[in-house]
Amino acid sequence: MFEQLLKTFDTGNGYWNPLVWGFAFLIIFLIIYILRGRGNPSYKRGTEQTKVFLSGNPEYENKELLHVKASNLYWGWVESTKWVINTLKKMHTGRANDYILWFTFMIAIFMLLLGVI
Amino acid sequence: MNILDILLQQSPALIVATPLLGAFLTPLIGKLGYNVRNIFIIIILAVTAFLVFLLASDVFSGNIHTYVFGGTTSTVLSNTVIRILFEVDGLSIFMAIITVILSLAAVIYSWAFMREETGQDKYYTLLLLMTTGMFGMVLTGDLFNFFVFLEITSIASCALIAFWTHKAKAVEAAFNYMVISTIGALFVLLSIAFLYGKYDALNIAKLASRITPVSFSFIDKLSLILLLAALTMKAGIAPMHMWLPDAYGRAPASISIILVGATQASLYGVFRICFTLYGNVIQIPEVSLGWIMVILGLITMLIGVFMAMIQIDFKKLIAYGALAELGYMFLGVGTGLTILSNPQLSLASNSFALQAMKGGIFHIINDALDVGLLFLVAGAVYYATKESSLNNLGGIARNMKYTTVFFLIGLLAVSGIPPMNGFASKLLIYESVYQLNPILAIIAILASIMLLAIMVKVFYSAFLGPKIDRFQDIREAPKSMLIAMGILASLIIFFGLFPDLIVNTLVEPAVKAITHPTSYILWLTGGV
Amino acid sequence: MMSKIVKTIAGISFPFITIYGLYVIAHGHLTPGGGFQGGAIVASGLILLLVAYGTDWIIEKIKESHLSILESLGALGFIGVAFLGLIFGGMFFTNFIAGTSMLFGGIPTSTAANINTGGTLPLMNFAVGLKVIAGLFAIVLVMAYAISKEEGE
Numbered sequence: 001m002f003e004q005l006l007k008t009f010d011t012g013n014g015y016w017n018p019l020v021w022g023f024a025f026l027i028i029f030l031i032i033y034i035l036r037g038r039g040n041p042s043y044k045r046g047t048e049q050t051k052v053f054l055s056g057n058p059e060y061e062n063k064e065l066l067h068v069k070a071s072n073l074y075w076g077w078v079e080s081t082k083w084v085i086n087t088l089k090k091m092h093t094g095r096a097n098d099y100i101l102w103f104t105f106m107i108a109i110f111m112l113l114l115g116v117i
Numbered sequence: 001m002n003i004l005d006i007l008l009q010q011s012p013a014l015i016v017a018t019p020l021l022g023a024f025l026t027p028l029i030g031k032l033g034y035n036v037r038n039i040f041i042i043i044i045l046a047v048t049a050f051l052v053f054l055l056a057s058d059v060f061s062g063n064i065h066t067y068v069f070g071g072t073t074s075t076v077l078s079n080t081v082i083r084i085l086f087e088v089d090g091l092s093i094f095m096a097i098i099t100v101i102l103s104l105a106a107v108i109y110s111w112a113f114m115r116e117e118t119g120q121d122k123y124y125t126l127l128l129l130m131t132t133g134m135f136g137m138v139l140t141g142d143l144f145n146f147f148v149f150l151e152i153t154s155i156a157s158c159a160l161i162a163f164w165t166h167k168a169k170a171v172e173a174a175f176n177y178m179v180i181s182t183i184g185a186l187f188v189l190l191s192i193a194f195l196y197g198k199y200d201a202l203n204i205a206k207l208a209s210r211i212t213p214v215s216f217s218f219i220d221k222l223s224l225i226l227l228l229a230a231l232t233m234k235a236g237i238a239p240m241h242m243w244l245p246d247a248y249g250r251a252p253a254s255i256s257i258i259l260v261g262a263t264q265a266s267l268y269g270v271f272r273i274c275f276t277l278y279g280n281v282i283q284i285p286e287v288s289l290g291w292i293m294v295i296l297g298l299i300t301m302l303i304g305v306f307m308a309m310i311q312i313d314f315k316k317l318i319a320y321g322a323l324a325e326l327g328y329m330f331l332g333v334g335t336g337l338t339i340l341s342n343p344q345l346s347l348a349s350n351s352f353a354l355q356a357m358k359g360g361i362f363h364i365i366n367d368a369l370d371v372g373l374l375f376l377v378a379g380a381v382y383y384a385t386k387e388s389s390l391n392n393l394g395g396i397a398r399n400m401k402y403t404t405v406f407f408l409i410g411l412l413a414v415s416g417i418p419p420m421n422g423f424a425s426k427l428l429i430y431e432s433v434y435q436l437n438p439i440l441a442i443i444a445i446l447a448s449i450m451l452l453a454i455m456v457k458v459f460y461s462a463f464l465g466p467k468i469d470r471f472q473d474i475r476e477a478p479k480s481m482l483i484a485m486g487i488l489a490s491l492i493i494f495f496g497l498f499p500d501l502i503v504n505t506l507v508e509p510a511v512k513a514i515t516h517p518t519s520y521i522l523w524l525t526g527g528v
Numbered sequence: 001m002m003s004k005i006v007k008t009i010a011g012i013s014f015p016f017i018t019i020y021g022l023y024v025i026a027h028g029h030l031t032p033g034g035g036f037q038g039g040a041i042v043a044s045g046l047i048l049l050l051v052a053y054g055t056d057w058i059i060e061k062i063k064e065s066h067l068s069i070l071e072s073l074g075a076l077g078f079i080g081v082a083f084l085g086l087i088f089g090g091m092f093f094t095n096f097i098a099g100t101s102m103l104f105g106g107i108p109t110s111t112a113a114n115i116n117t118g119g120t121l122p123l124m125n126f127a128v129g130l131k132v133i134a135g136l137f138a139i140v141l142v143m144a145y146a147i148s149k150e151e152g153e
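Protein sequences appear in the order of chains B, Z and D. Just so we're aligned, residue 1 is where the first sequence starts under this note's numbering, counting upward by one. Just so we're aligned, residue 1 is where the second sequence starts under this note's numbering, counting upward by one. Just so we're aligned, residue 1 is where the third sequence starts under this note's numbering, counting upward by one.
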């Protein structure tokens, strides 16, 4: 039973064993931890060195304003793929009539592909 | 004959009948009090779960179970199949296991989540009816019976989507869902009528044995198209998916999770029709459904991730993520179908067809768990903050530690990061789809990366960030909600850590059942 | 609330409609119709009273919650008969009464309609009839009540 649990998962062309992965993860974590421990311990508390760096802008007094809102995240990606997203948005009208239109359209496509008409 | 044997013999009927009995008893038990009613419902579903696992243990050892309603024996006596008949094979029981896990989680979650609502008796009645419908859909061996259970599921879920009637958008989503499901179901009925007119049978195995390359004609093609179009629409495959994000997003979270199961039951219908009902004619070149499924899967994936990128509403975003996940199942199974239906390809390529099918089927249960967990987390966040827009959320990880951990688990699982369960099935899909065409695998991986980016966006904007005054005093979700999320999260980790065990015990019989339609057909018709 | 003529006529025709509906339910296994159709007829008789005498008058006599209990009992009766089939006949929905000396246990010997046949079918028709009467009437009652409240405001 226990052996069955630990068996390597064969995916046809490769294999995958979560336990080996976990072991590797642990080792990598240890390495990172050691590297982190070798960091510079001689920084000075309470000076400019420990302040938040916001591209040189001053830090807001009201911390709430620091939070980037969800609609502003990935702004660049959304802006550059605007043509796709706007087309898709136009598809999603939210009306039942259009849903049925798409359904009819797909039936027509299936009919063409399977050679009924 | 001891009691377990009797229960096993009766289990296909009892799995459907127990939640049905519970549904009708709920309004009466509801008079006895809040806790009594909820404990009763949990017991009903626990009994159902016991029966499902009892039946599963037998089906996975290679048997196919039949059950004749109103008959005098459990087997079919003569060659004429006129009664309502349940036929349970590996894929059916696989779907039933998903249904029972999801509905148990939903009911446990509802204990606290629905505490302040009115009309709970009706809520639980409909919830159990919906579960009944889903069990019926996956266990039945009769095409008309499938339609009846499809309708039961649609009507119950339609009422449940509109449960928060004070929200106009919930009512609108329910109306759209009602229009869609009624029209879809009527097309299913129409094509069943076509098949009945031509072949004089309603039983799936009987019909499948009569649909042969010789008899294959215009009517068969037409019914195949109508069944396929209607069921893919009910399963939410693009570009007929538009009802799905609305319905998932506007329903209460505990209902969204069962709706995931309901769409997957329709997906089961698609697979059953393509592989079993038309199993004898799968190699006719005109029935080249494999590539259609693959392309629909890709479109679904891409539309899902692109639309999820710009969603602001927490649950709607997860709903689009769920849509992308549906694409993976279609991609995996479609790849399998493409290769299996091509007589020219050698046996060697059959092995990767099987791997693709395994990936696709395995992804069904993974998707149910991952997306279900994310919906429950979204519901918990809504419960605590009364806020569903991601723009107004922030920093709630400070107050809701467990929920944050559960979201993190769901995030990793849904975007296919090891060691969660999503990785194992996606790895299977990538590797086998790559053999068919490398571009497919590339698009699939790309969609997965985008899914990760989307979920990270949610994690950042809702859970991380500075303290927000409004959410200073919010509290962690109640215990019952944490338990429901915990069940799903622990299953996700378990499936992720021991994928080989799960694939061998759960997925392999399902794949075997679906790729060997002859055993399904011959079990009933006895080689005629 | 309608005029006296409507009230009187509704009062006179209500028993006839009810009897006819019950007849359709009871003969469900012999003639066209059955639990659902007969139940709808009885419910329409009740709705006639509702229209003639006004919602407030009916609401005093019948509570919606009582109707929903009746509806549950109808559904329970249906599935209960199915479970009895499992217990006595060995399979879910088995017609365990047919061929016995119990009520409805007779086996038809000629083409002439004999009400003492059908086994569990008449019982299921009764259950469905009860459910449909209660359910349909409850729906209309609630809707009429909501409309009357809206107009009152």
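FYI, nobody ran anything at the bench for these hints, they're computed from the structure. Treat each hint with caution, since some may be false.
Pairs of lysine-lysine, BS3-like flavour, derived with a Cα cap of 30 Å [to be verified]:
{"no.": "1", "chain 1": "Z", "residue 1": "K167", "chain 2": "Z", "residue 2": "K31"}
{"no.": "2", "chain 1": "Z", "residue 1": "K512", "chain 2": "B", "residue 2": "K51"}
{"no.": "3", "chain 1": "Z", "residue 1": "K467", "chain 2": "Z", "residue 2": "K221"}
{"no.": "4", "chain 1": "Z", "residue 1": "K169", "chain 2": "Z", "residue 2": "K457"}
{"no.": "5", "chain 1": "Z", "residue 1": "K122", "chain 2": "D", "residue 2": "K61"}
{"no.": "6", "chain 1": "Z", "residue 1": "K169", "chain 2": "B", "residue 2": "K63"}
{"no.": "7", "chain 1": "Z", "residue 1": "K31", "chain 2": "B", "residue 2": "K89"}
{"no.": "8", "chain 1": "Z", "residue 1": "K467", "chain 2": "B", "residue 2": "K90"}
{"no.": "9", "chain 1": "D", "residue 1": "K149", "chain 2": "D", "residue 2": "K63"}
{"no.": "10", "chain 1": "B", "residue 1": "K82", "chain 2": "Z", "residue 2": "K31"}
{"no.": "11", "chain 1": "Z", "residue 1": "K457", "chain 2": "B", "residue 2": "K51"}
{"no.": "12", "chain 1": "Z", "residue 1": "K457", "chain 2": "Z", "residue 2": "K467"}
{"no.": "13", "chain 1": "Z", "residue 1": "K31", "chain 2": "B", "residue 2": "K69"}
{"no.": "14", "chain 1": "B", "residue 1": "K82", "chain 2": "Z", "residue 2": "K457"}
{"no.": "15", "chain 1": "Z", "residue 1": "K169", "chain 2": "B", "residue 2": "K69"}
{"no.": "16", "chain 1": "B", "residue 1": "K90", "chain 2": "Z", "residue 2": "K457"}
{"no.": "17", "chain 1": "Z", "residue 1": "K167", "chain 2": "B", "residue 2": "K90"}
{"no.": "18", "chain 1": "B", "residue 1": "K44", "chain 2": "B", "residue 2": "K63"}
{"no.": "19", "chain 1": "B", "residue 1": "K63", "chain 2": "B", "residue 2": "K51"}
{"no.": "20", "chain 1": "Z", "residue 1": "K512", "chain 2": "Z", "residue 2": "K386"}
{"no.": "21", "chain 1": "B", "residue 1": "K69", "chain 2": "Z", "residue 2": "K457"}
{"no.": "22", "chain 1": "D", "residue 1": "K4", "chain 2": "Z", "residue 2": "K167"}
{"no.": "23", "chain 1": "B", "residue 1": "K63", "chain 2": "Z", "residue 2": "K122"}
{"no.": "24", "chain 1": "D", "residue 1": "K7", "chain 2": "D", "residue 2": "K63"}
{"no.": "25", "chain 1": "Z", "residue 1": "K512", "chain 2": "B", "residue 2": "K7"}
{"no.": "26", "chain 1": "Z", "residue 1": "K169", "chain 2": "D", "residue 2": "K4"}
{"no.": "27", "chain 1": "D", "residue 1": "K63", "chain 2": "Z", "residue 2": "K122"}
{"no.": "28", "chain 1": "Z", "residue 1": "K386", "chain 2": "B", "residue 2": "K89"}
Note that this is a predicted model, so its numbers are computed, not measured.
Here's how the hints hold up against the structure:
1. Proposed proximity of K167/Z and K31/Z is supported: the alpha carbons are some 28 Å apart, at most 30 Å.
2. Taking the CA atoms of K512/Z and K51/B, the gap is about 61 Å. The hint is violated against a cut of 30 Å.
3. Of the supplied pair hints, the one linking K467/Z and K221/Z is violated, its CA atoms being roughly 60 Å apart against a limit of 30 Å.
4. Distance restraint check for K169/Z and K457/Z: the Cα-Cα separation of roughly 25 Å lies within the 30 Å cut-off, and the hinted pair is therefore satisfied.
5. About 23 Å separates the Cα atoms of K122/Z and K61/D, which keeps this hinted pair within 30 Å; it holds.
6. Restraint check: the Cα-Cα separation between K169/Z and K63/B comes to about 34 Å, which exceeds 30 Å; the hinted pair is violated.
7. Using a Cα cut-off of 30 Å, the hinted pair K31/Z and K89/B is violated, with the two alpha carbons roughly 47 Å apart.
8. Simply put, K467/Z and K90/B have alpha-carbon atoms about 37 Å apart, too far for the 30 Å limit, and the pair is violated.
9. A threshold of 30 Å between alpha carbons decides the hint, and for K149/D with K63/D the separation of about 16 Å falls inside it, so the pair holds.
10. The suggested pairing of K82/B with K31/Z is violated, with an alpha-carbon distance near 55 Å, which exceeds 30 Å.
11. Of the supplied pair hints, the one linking K457/Z and K51/B holds, its CA atoms being roughly 25 Å apart against a limit of 30 Å.
12. Of the pairs offered as hints, the one joining K457/Z and K467/Z holds, with about 18 Å between alpha carbons and a cut-off of 30 Å not exceeded.
13. Between K31/Z and K69/B, the direct Cα distance comes to roughly 46 Å. Violation of the 30 Å bound is thereby established for this hinted pair.
14. Straight-line distance between C-alpha atoms of K82/B and K457/Z comes to about 18 Å, which keeps the hinted pair within the 30 Å bound.
15. At roughly 24 Å between alpha-carbon atoms, K169/Z and K69/B fall within 30 Å of each other, so this suggested pair holds.
16. In summary, the hint linking K90/B to K457/Z is supported, as the alpha carbons are separated by about 24 Å, within the 30 Å threshold.
17. With a CA separation close to 24 Å, the supplied pair K167/Z and K90/B stays within the 30 Å bound.
18. With a C-alpha separation of about 24 Å, the suggested pairing of K44/B with K63/B holds against the 30 Å cut-off.
19. Distance hint between K63/B and K51/B is fulfilled; the C-alpha atoms sit about 14 Å from each other, no more than 30 Å.
20. For the hint pairing K512/Z with K386/Z, the CA-to-CA distance comes to about 46 Å; that exceeds 30 Å, so the pair is violated.
21. Between K69/B and K457/Z the alpha-carbon distance is near 10 Å, which keeps this suggested pair within the 30 Å criterion.
22. Straight-line distance between C-alpha atoms of K4/D and K167/Z comes to about 43 Å, which puts the hinted pair past the 30 Å bound.
23. Distance restraint check for K63/B and K122/Z: the Cα-Cα separation of roughly 45 Å exceeds the 30 Å cut-off, and the hinted pair is therefore not satisfied.
24. Taking the CA atoms of K7/D and K63/D, the gap is about 21 Å. The hint holds against a cut of 30 Å.
25. The suggested pairing of K512/Z with K7/B holds, with an alpha-carbon distance near 21 Å, which does not exceed 30 Å.
26. Taking the CA atoms of K169/Z and K4/D, the gap is about 45 Å. The hint is violated against a cut of 30 Å.
27. For the proposed pair K63/D and K122/Z, the alpha carbon gap of about 17 Å is at most 30 Å, so the pair holds.
28. A distance of roughly 27 Å separates the Cα atoms of K386/Z and K89/B; the hinted pair therefore holds under the 30 Å criterion.
Hints 2, 3, 6, 7, 8, 10, 13, 20, 22, 23 and 26 from the list above are not met by this structure, while the remaining hints are.
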